[in-house]
Structure formats: structure tokens, C-alpha cells
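Engineer: Below are the chains, spelled out letter by letter.
Number of protein chains: 2
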Amino acid sequence: MQGAVDETSEDLRTTFFDCLRKNGLNMEEHCLQTKDQTIHFMLLSAPWAVLCYYAEEMSMKVPLKACFDKLRARRHDKIMESGLLYESLPRRPPETFNCNFKVRKLKSFLGSENQDTFFTNTQRHQILYEILANALYGSRHQGEVGVERLLNENVFVAAYPLHDEESTNAPETPEDRLTHRQILAKYWAPWLKWYKYQPLNHIRKYFGEKIAFYFAWLGFYTTWLLPAAVIGTLIFVFGFYVASRDIPVMEVCQSGDLYSMCPVCKVCPTWNLSSICAIYKAGILFDNAGTLLFSFFMSVWSVTFLEYWKRYNATLSYRWDCLDFTEIEEPARPEFTAMAPLTIQNPITGQNEPYFPKTWRLQRIFAGSMVIMLMIAVVIIFLISVILYRIIIFLLVVKSGMIYSSASLIASITGSMISLIITLMLSKVYVSLARFLTRWELHRTQTAYEDAFTFKVFIFEFVNYYATPIYIAFIKGRFLGYPGNEITIAGYRNENCKPGGCLIELAQQMLIIMVGKQILNNIKEILFPKLEHFWHNFTLRSNEDQGHDQNKPWERDYRLIPYKGLFDEYLEMVIQFGFITIFVAACPLAPLFALLNNWIEVRLDAKKFVYEYRRPVAQRAQDIGVWTAILEAITSIAVIGNAFLVAFTSDILPRAYYQYYNNGNLTGYINFSLAQAPEVYVRKNTPCRYQGMRDSEGNLSFDFWVIMVMRLAFIILFEHVVFFLGRMIDFLVPDVPESVDIKLRRERFLAKQALAENEFLTETWQMSPQMVNK
Amino acid sequence: MQGAVDETSEDLRTTFFDCLRKNGLNMEEHCLQTKDQTIHFMLLSAPWAVLCYYAEEMSMKVPLKACFDKLRARRHDKIMESGLLYESLPRRPPETFNCNFKVRKLKSFLGSENQDTFFTNTQRHQILYEILANALYGSRHQGEVGVERLLNENVFVAAYPLHDEESTNAPETPEDRLTHRQILAKYWAPWLKWYKYQPLNHIRKYFGEKIAFYFAWLGFYTTWLLPAAVIGTLIFVFGFYVASRDIPVMEVCQSGDLYSMCPVCKVCPTWNLSSICAIYKAGILFDNAGTLLFSFFMSVWSVTFLEYWKRYNATLSYRWDCLDFTEIEEPARPEFTAMAPLTIQNPITGQNEPYFPKTWRLQRIFAGSMVIMLMIAVVIIFLISVILYRIIIFLLVVKSGMIYSSASLIASITGSMISLIITLMLSKVYVSLARFLTRWELHRTQTAYEDAFTFKVFIFEFVNYYATPIYIAFIKGRFLGYPGNEITIAGYRNENCKPGGCLIELAQQMLIIMVGKQILNNIKEILFPKLEHFWHNFTLRSNEDQGHDQNKPWERDYRLIPYKGLFDEYLEMVIQFGFITIFVAACPLAPLFALLNNWIEVRLDAKKFVYEYRRPVAQRAQDIGVWTAILEAITSIAVIGNAFLVAFTSDILPRAYYQYYNNGNLTGYINFSLAQAPEVYVRKNTPCRYQGMRDSEGNLSFDFWVIMVMRLAFIILFEHVVFFLGRMIDFLVPDVPESVDIKLRRERFLAKQALAENEFLTETWQMSPQMVNK
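Residue numbers (full-length UniProt numbering), protein chains in the order written: chain A, 1 to 774; chain B, 1 to 774.
One thing to keep in mind: the hints can contain errors.
Intra- or inter-copy, both count: the list cannot distinguish identical chains.
As the list claims (entries may be wrong) - Calculated lysine-lysine pairs in the DSS-like style (CA-CA distance at most 25 angstroms, straight line): (1) 684 - 743; (2) 196 - 607; (3) 186 - 684; (4) 358 - 310; (5) 564 - 684; (6) 399 - 684; (7) 607 - 22; (8) 65 - 310; (9) 607 - 517; (10) 358 - 186; (11) 358 - 743.
To be clear, the hints were calculated from the coordinates, so they are not data collected in a lab.
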């Protein structure tokens, strides 16, 4: 554990180091002389007695000497650890029974003879961090406690535990002598391992449960994507077959100048329906009976996925001994102790401590929510402005004499660029706003702070990412009016979808997001750390004494970039999960692209953690935290989204209706789906057709209402069936697998028996022989 | 604890008593000589050492000597215990901190000096019952264990703990000397206590947590009914105001012979709409804008009710020290051990024990489900037969020359009677079938058995009770066709609702169920126990030696009727809960009647438990078990039911549609809602009108489809809003109240501190002074 120190606030540092020394830590100072400045490293280590004290204090789990052999032999059974996808790794964690460390019972723990190896590296880091987090550097009353706050105030530059040996140094080391980091570098990070399960136990040993749960979730999600991707691809291929035999497609393509369509803007000419033959055909690829099946499948898939993740989560937290991990009374955030206006007796510990009344916080949260809603309103206003911009630009370009399709192209490209710039700018503003608001709400614990921040940012990102698809799916091209009586926004006609329907436009949008954005994102994820690393090295190197020995591990790790938490990783994945569940009806290929991306993502993240980040302090966790709740919300939204997409955006229901009344035949569907321009309009213009179900006066026709009944009935049916299935799955699949449950109960039984033997048989009441036999 | 013994199976009894004696129980035999036979009573009691051993074995909670005073002073805070509704009772349970009994730490428990009073009555019963339940009377291998199985096989007639002193014996005893039963008799059972909260702590002390939770739930539910009843009554009164000013009502009543309605059967005459003026007006009482509001209110009410019940439940189980109560490894049911075909090593305890493979059980459950579905199909077929019967009888009576209204009356009265008889018969068949099937499924534990049985019977009772209301609300009068083209069932025209609409008929049905059935039920609940008690006494008395001393407590209790479990009590309440939530739109008075009924129910049940039942063995519980899940399911069904009722059964939406297109005016609505008989029909008959939205050819009209869109859209809107609100309430209202949470964490903190002090400070590692200060 090192602190790189700049040269201000000497007093605070001295007090802090004094306190650490009082806590029994060993300290060793090293300097790195560079041109401009000296970087001081303070190496901390804890002696055996301190380790023991804190290990008990922190309820650390350590392995017992073979106690319940039979039990443990069955404990680490091979979950997902056989076959091609599994790889036998060196230094497999031994199968032990762990329980809370007690100094008094030191003898009964495995490996307690060797004080150097009894506590693992990770455990030592946790203990040291606990000491650092609680050491005083000023008045406790003012909450001047802990290294985090000192880092915030730039008294220290960094504090980090040391990595294991550099991974690349030892290609010749025998397998079972490899450090954990080397194992991870060899068996986890390489691209060639793409088809293997991740070595989760090793990840957990080296990085702690919190990070291991992220990778476990990511791997689990990727595995579950596989069937979805396969079925999605099959459905897509099936679409080709359908499109090649579809009667309306033939009718469109062979219509010649039969259907003269009404102009799309005031100054535009009429156009022939046959001109959109290709795009109409492409639309059928995405919009056919397969879509309906697939969106049903994906709705059920997402519910089942979450249910089975809970089971896997329970299995992992059992294996990792954190099933009964309840957050130890979490310390207050340094910022909170610094800024809380009142002092109160903590109802739990009975000590005086800084306090911020709950009602005040609620007021601030309420005010904050208003600000957030305002921001979301701003986002939506910008979105509307971009739409208006596209309409106006399109008109201007058309008026200037360019042809229709390039006008549309210019409008949409410049529109997208403006939208991108605005989105990026707003995102910057919003994240800092969210951070400011969350700070202002003064949450007492780090968990509460992180949850509040996560929630705020997630809501914004949700709106930010999903606003455009939602607009295309449910609003665009829906409120157009009819020729001669167009509905306008600010005097301009509402945008229509491109010919071929809104679903194909949504599919395009999805492809851009799922492929384009993900590729960009991955490139960013590859390049940014490299650049950052390079820059970090560069600034350091340029300053640094050239003759200096560069091999000291603390200097090597200082050059790495700091670990910034898992928020961005989770956010990216959760947004992706939203796309492949909510809008899957528009693009059955989405799960495939998600799968491909995640295969890359796993190894990219692995590389980052093994090579590019400073080692994070291992944190305990028993699940993926607030993200479970967010995933559950997305799943519910997905069911609703799919129902509405199939009902309103796809062409399935109108076709079914026509087919039903036309003896199962789709011939003439195109004619049926096109309305005649109303007489009032025709009097001044040429007669033309337009998409819609209206009579000759422009009123919604009988067919429109019957189809609307079908649409709504479909939504009700779909939602009730899927939600009912979800409930059933929830009810039938226990959250904790039976095997884990039996093991837990077995352990409880053995523990009780052991206790009873100790306390009862030997010490008290003399039992009659019958009682013993019983 | 007594066993009344008949004269067979002497061997088994001897073995059993031997085993009990080996377990250290004291036994005392008494005889009651009657004319025909001798009734043997075996009085059992346990000495101190046995009590201690089992108290530790069973993890009993006993009060610690004042240990965490400050904490506990705040523990039993006054939950619902102030104001008019609260009554200060004698012998209030002391505010103590309870923890698991340990013989080793006997000295530190409160009251351990006095061995006679340290364990309460209830605890002694539990211990004795545990011994009785586990005593061998034959081969353990064949599961010949426990008094339950002996009772099943009629080796014993009864086994019960003794009640406290007879309640009526001691009117003069000073308040704080009263036994618990006397307190309950004085402060809980009397009718005059109807406005008081129940003394739950005393109930729990005397009857155990399981029964106390039933009464807590009943009381909580009754309290929550109060606002629903008040608002429901207001809405009903508001209905009078609406009905008096309703324009369609005036149109109906003043129409004279303007609307000549088509005949309701082939041989019936046409009739004037004005003849149903009164009943149409009555319909408006139940069917107005208030209904819509109220059904929304009740949907949200039911979700909120459940959420707050969970909180209250958590509070109670904290107060009663059963929050961390996890089912101790439950013993196998005697029947299971007797009938299980295989033997296997229990994975938890490692002992050999009877086994029934899970897959076999699943097969049986599957086969059982088929039988149940068949039974439900039978119920539905009977229901349809009754409907057909009504139609045919109606026609026959009309043909025989009686007038229309009395024909309808005769048909419906005889129909109801047949339906009642069939329902009762089927119910008998079904319950024994369910019992047989559940036995056949061979569940290992009593809990699993009870849950399976509860679930089966509940499903049947649900269909049984709700089939008729569902038929009236959603099917009756909906598939009629139109004059000249009636839809028929088995050659007869489908039944129509009575004039005035289906909602008023549903309201009538609800009133019959909520008032009539409940009154009958309560009379049954009052009379049956009395009769049973009388009969029990009579058979005993007639046999009995006349000169015998009747005051011995075991004989007195033997005369009481055995406690039969809470299933029927819960079932009645849950079915009622279903009525007031699912069908509330039809009858806003339902919550009022439910409230009145429950006020009676609470005291009736109290009387039964205090005076008429043998004392049940206290059972631990931490909630109301499987009923929570059933209530949750009902709540979901209620939201859907309300949405469909308002959309389809009520007249609100068609009226709103007409009003919208008629400039906010309802004038002419009656004319709008009546279709003209189609021309084909008029050619042969007189022109007439009928309820429906059809054109002159009998096809569904444009208006029909638009209104259908409104109906479906309303359902979607209603369900999404209510379910979203439900999720929000679920999310915002924590399941465990914050006050309880803080106390729990405080206790955990203190426990940890106590442990640390004991084990660390005193025994090991010498700490430096700084560490102590820290």
C-alpha cells in the first residue's frame, strides 16, 4: 500500500502517519527524484498481531482445518466446469470450509502455522485499507478521518495496493508457482480464450467478490445470449424465405405506375409505389410472423434469464462464502462527516456522530428530482428541435431543386450529427449535475451515495439512448392527418417514416446502435486506456531522473491508471440488455450483435483489469447490487414494449385482418392498405393514394377501428400471457437452487450439532443412557 | 397433556409409555368410569432437567436478565396501543430481551431461580409435544414414531394440553392474578369489546404465534376495511344523487310506449322500455362515475394493504422474537414414514430415513392436477347445465301461460336451489378428493402437506365461489346475436341479463353473497360448536357414572371440541377479500358488509378459542404462510377484474362516447343504445328495438368498434397505471419498518460487541492503549 505524496499539507500527513504508527503499521519511505519534483512513496505493511486483530474485527472468513470433510467434498462441485468450455487451472482454490476468524481458535484454522502465508494478499490489502479508512488525521468530531478524504483534498496523490509480479516477466515459471495475476494473464485475458468459461474463482481471489460478480454476470449474460442469437438469426433467415414469396411484395414491385402516391411535402411531386420495391421487401425481412414469435420468445427469455441469474448468484455467493454477508455497519462517507450540519447519537452504536436529518434529505431529493425532470424535458425539447430541423432542412433543400432522396439524406445526416453533438454535450452536463445533486443530498454511506448516483445517471442515459428509438417506433409517421388536412408542428407537416414502414427505420437505427456504437465503444475502450497509460507514463517519465531504477513495483504500479469503479461497464451492458429486449421485434439480429460484442467485451475488460489498472482493493459483495432492480424494471418495460411494437409498428395485424376477410389470401392487400386522397384534395390536385385507412372524406374508416380493436386486444393478450408466465417461472423456479439449499441446511445442522456436543454433552446435566442413544 | 385411551392396541401403548418414561417424563394415570367403558387419562409432566434439555434443543427463546436496558425500553413501543381503541390489560408481557436458552448460561436468564415458573405453560406444552411427537412405539425404521400417528390409528382418542383455570370460575380474583385465559375471556371475547384492538400479546402468550398471527391479520384487515367501507358508502349515497338527475333514467321512465322492445323469447310478446324504469334507476346507483373511481381506489387499496401488512407482520415477528425463526429441520409426517417405499440417507442429518423420490412425486402431482382440472371442468359443466335448466324452465312456464316476470322468478329460484345442492355435494366430493390426492403425493413434511392441500382446496373453492359472478359479469347477456339471428346453446337462446343491465344483476348476486351467506355462515359458526359441544357432552354424560366428581380439569377439557386448524377461518376471509376487491365495481357497499361481518367474526372466533376448543399446542410461525401468496395472486386478479368490469360490464364508456360526440349532453342516449330490429326480422314481425350497436342488417356498427377501442384502451391504461403504482408502492415502502430495522441492527451491533469483549479483550493478544481508545 503506497501513498504518493505532494508537498503541501505536511501537518495532516504527519498526524495521519502518527495515527497509522499507533495502529501498529510498519512504514518505509522511498523517494523518486524527477526533474521538477520528488515523489514520495510510503510503503505500509501490517505485523501479524495487527492482521489478527483486524481479521477478527472485520469478520474475515478463513479456512478451517479439515472439519466437515464429507460435506466439503461435495461443496465445490463442478458448476459449469466441464467439457470443452472448461479449462483446468493451476492453483485452484482448495476446497475448504471457511468461517469467521477468531484469534482464540487460531490453532483450528488451516495453515495457521505459517504467519506469512496464512492471510492472502487480498486479505492483507483489505485489512490495511480498513486501517487507512479509519485513521484520524485531525479531529474525529469534524470527521477528519480516512485516506479517502485526504485523497479528495489532494493531500495524497494516490493510495493503492500492489499488484502481483508483472505477468510478462515469467514465461518459464512452473505452472503451480504462477502468481494469481500471471494465471489470469495466461488463462483469462488472451483473445484466444474466447470460447472458455472465465476462471471466476481466481478472479474473485485476486480482485474480490464485487469485481468477480461483474464478470460472472457478464459471462452468464453472454452465455444466455447464445440461444437468443441462434434463434434470432434463424428468424432473420426465415425472413428471406418469407420475403421471396410474399404477395404484397410482388404487388408493390409489379405495380408499375398503378399506385400514384401523394407527395410527401408541399412542393414535392407524386411518386410511384413501385419505386420502393426494394425497401419494402427489406421491410418484410424484419416484419413477418417470425417477429411475433421472436418477440414473445425474447420476453419470456428475459424473465427466465433474470430468474436463473438469481439462482447462479446464490450458488456463487454460497461458494464464495458471502451468502450470509450482511453489510457490516458501513462507515459514513468522509464528505458526509465533513459537511453534515448536525451531530446526533447513532441509534445503533450509541456514539456521537455527524447527522443530516432524513426530512431535509427528502426535501433535497425532491428538489433534485425536479431538476432531473427539467433536464429530461430539455433532452426531449432538443430531440423535437432536431426533428423540426430535419423537416425544415428537407424542405429547403427540396426547394433549392435537389432531388427527393438526396434531400432526405442531407437532412437526416446533418440531423444525426447535430443530435450526436447535443447528446454528448448534455451527457457531460448531466453527469456533473447528477454528481453535484447526489453530493448535495448528503448520503451517509458510500452505498447509498452510489445507488442514488447510479439511479440518476441511469434514468438520464435511458432517456438519452431510448428516446430516438421510441420516437421512431411509436410517434413518427403516426400523426400525419391526410392529404389536404395534414397535421403540422410549428407550421410544418409531421415527419413520416421512410417508405417501407417505421419498423425498417427502427431496424436501421438498431443496427447503427448495436453495430456502430458498439464498435466505436470497443475502440474507445481499447485506445483510451492505452493513451491514458501512455500519457501517464509520459508525464512521469519526462519528469523523472533518467538514471533511476525503474523496476521497483510501487513505481511500476504508480504508472498504471487508477481503477474507476464498475459503473460504466454495468451501464453499457444494461443499456444493451434494454435494446435487445425492448426493441427486439424490430431487429431479430440484435442478440447476435450483442453476443459478438460481449465476446470482445469480456476479454477487453479482462485485459484492462490485469494489465492497465492499478490493483483495486478487494470489496465484498453478495450480488450485483442496484443493477438487479434496474434489470427487473427493464424486463417489465420490455414486455410492454414488445406488445406495443408488434401491435402498432408491425404490419402483422392488418395483414391478418385482411387475410381473414379475404379467405386466407393476401392478394389485393396493397390496394386495401392505401387510401384514396379525399375528394376535396383531388379537386385541386391529381388523384393519388396514401398509406392509411380512411374513407373518401378523410375520416378513419370502419376497417381502421376493427384493426385497432385487434391491436389493443393483442396487447392485452400478449401482456397477460407473458406476465402470467413470468409469475409462474418466478413461482416454480426457486431463487436458491435446491442443491445449495441442502448444503446450507446440512451446514446449519452440523454447526448446531457441534455446538450441542460442546456445550451440552460435556458440561451440564448428566443424561441417562437412553437420551444419548436417542 | 393427556391421552384418552380406548382398549385396543395395548402393546403399542405400553411401548410408547416406556419410551416416554425413558425420556424422563412423569406419568400419572386417572380413570373415568362410565356405564359402558372406562376412559383412561394419562397425565404427563416433565421434570426440570428434561425441560432444560429440550428448551436448548428446540432453540427456545427465554428472557435475559436486564442486559440491554436502554434498547429494550424502546423495543415494545406502543404499536396501535393508545387512544380509545387501546385498553390497558393486566399481566402485560414484561419488556425483555429474549435469546436462545442455553443450560450453560442458566444464571443469566430472568427468573431462573424459580424452576416452577421459569418456563411458561405454553413452553412446557411445546416441549412435551416435541417429546410425544418423537417418541418411538415400534420400529424407527418403519417410522413408528409419534403420538400423531397413534392418534391416526385410534390407539389414543385424544392428546391435548390443559387449559388455564375455567374463565367463569373467578369473578372476584384481583386483576393481576388472573390467568391468561381469564384475561382473554374478560378483555377479548366479549361482544362489548368490538371497538377495541385485540390483546395480541396475550393471545400469542396463550395460543402461540401461529394463531396470534391469524388474529393479527384478521384485525389488521378489519381496520383497513374501515376507510374502504366509508368511501364505498359515500359512493353509494352519491349514486342516489346521480340517479335522481340522470338524463337516460328520465328518458327511460318518460318514454311511455316510445320504445317497443323485441321479445325475450320466441313465444314472448314485445314489451315497453318504460316498464323497467325502476330497475334501470337502481342500476345507476351502482353504475356511475363513482364506480370507476372506487374500483381504482380499491385496486390501489388492496396493493397497499398487502404492503403494509408485510410491515406490520415484520413488526410483530420482531416483537415476538420469531423474525429469525427458520423452520427447524421439520420431522417427516408419520404417514410419510409409514408409506414411503424407499430408504435413503438424509443429506442433511446423515441418518437413514424413509424416502420418496421427487420425480415420482412430481408425476403424482401432475396426475393429480389432471384430476383437479377434470373436477373443475365438472363444476363448469354443472354450471352450464343449471343455466340451460333455467332457460328451459323459463320457456316451459311461459308456454304454460304464466306471466313473464313470475316465470323468470320460478326459473331463477329453482335454478339457485339446484345450483346450491350441486355445489354442496361437489364440495364434499372435492375436499375428500383433495385430501386423498394430497396424501397420495406423499409429502415429507406437515408444512408441505398442508400447503399442497390448501392450494388444491383453494383453487376449487375459488372456482366454486367465483364462477357465478364471473359468468354474470363477463358472459351472460354478451353473446345474444340479434333478433332473427339469435345465438343459441343446445337449440335455446342464450340467457340475457335482467333488464337494467348485467351490473345490477352482479350487484344483487354480491349482496346475496356478502349479506346472506355471511349471516348464514355466522349462525353456523355460532350454532355448530354449541351443538357439537352439546353432543360431545351428551354422549359422555349418558355413559358416565352419575356420582363422579366432574371438576377435574382433564375431564372438563376432554368435553371440549378438538381444535381443527385455521384453514377454514383463513379460507372464509380470503374468499371475502376476493369478493370485495375483484367485484367491487359492481357493489360499492361490499366493503361495508365485509366490515360488519368481520367485527362479528373476530369475537366469534375469540369465543370459540377461549371457551369451546381444547387448548391447541402453541406453534411458532413468522407469518401467515401460504396465504400471503394467495392474497398476492388475488390482488393481481382484482386489478384485472376491475379493469374488465368497468370496461365491459358498466355503461360508463358508451355514455362517455355518446357524450363526447353529442357536445357533452346525454340527451338521446337511450335511443342511441337501442338498435332497430333488422329488416329481415321486421318483415315477419312487428318492428322493435333491442340493446346493442348494430346496423339495420344486424352487423356490428361503426360505433360498436369505436367503443370497443375505448374499452380496450381503458383496460390497458387502467392496468398499467395500477400495476405501476403497485410497483412504486412496493419499491418505496420498505418491507421492514425502519424503526424495526434500526433496532435489529442495534441488537446485532451489541451482540457483536459483547462477543468481542468476551473473547478478545479478556483472553488474547495484549493490546496497546491506543487500540483500546480507538
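Engineer: Of the numbered hints stated earlier in the document, which are not met by this structure?
Structural biologist: Of the numbered hints, 1, 3, 5, 7, 8, 10 do not hold.
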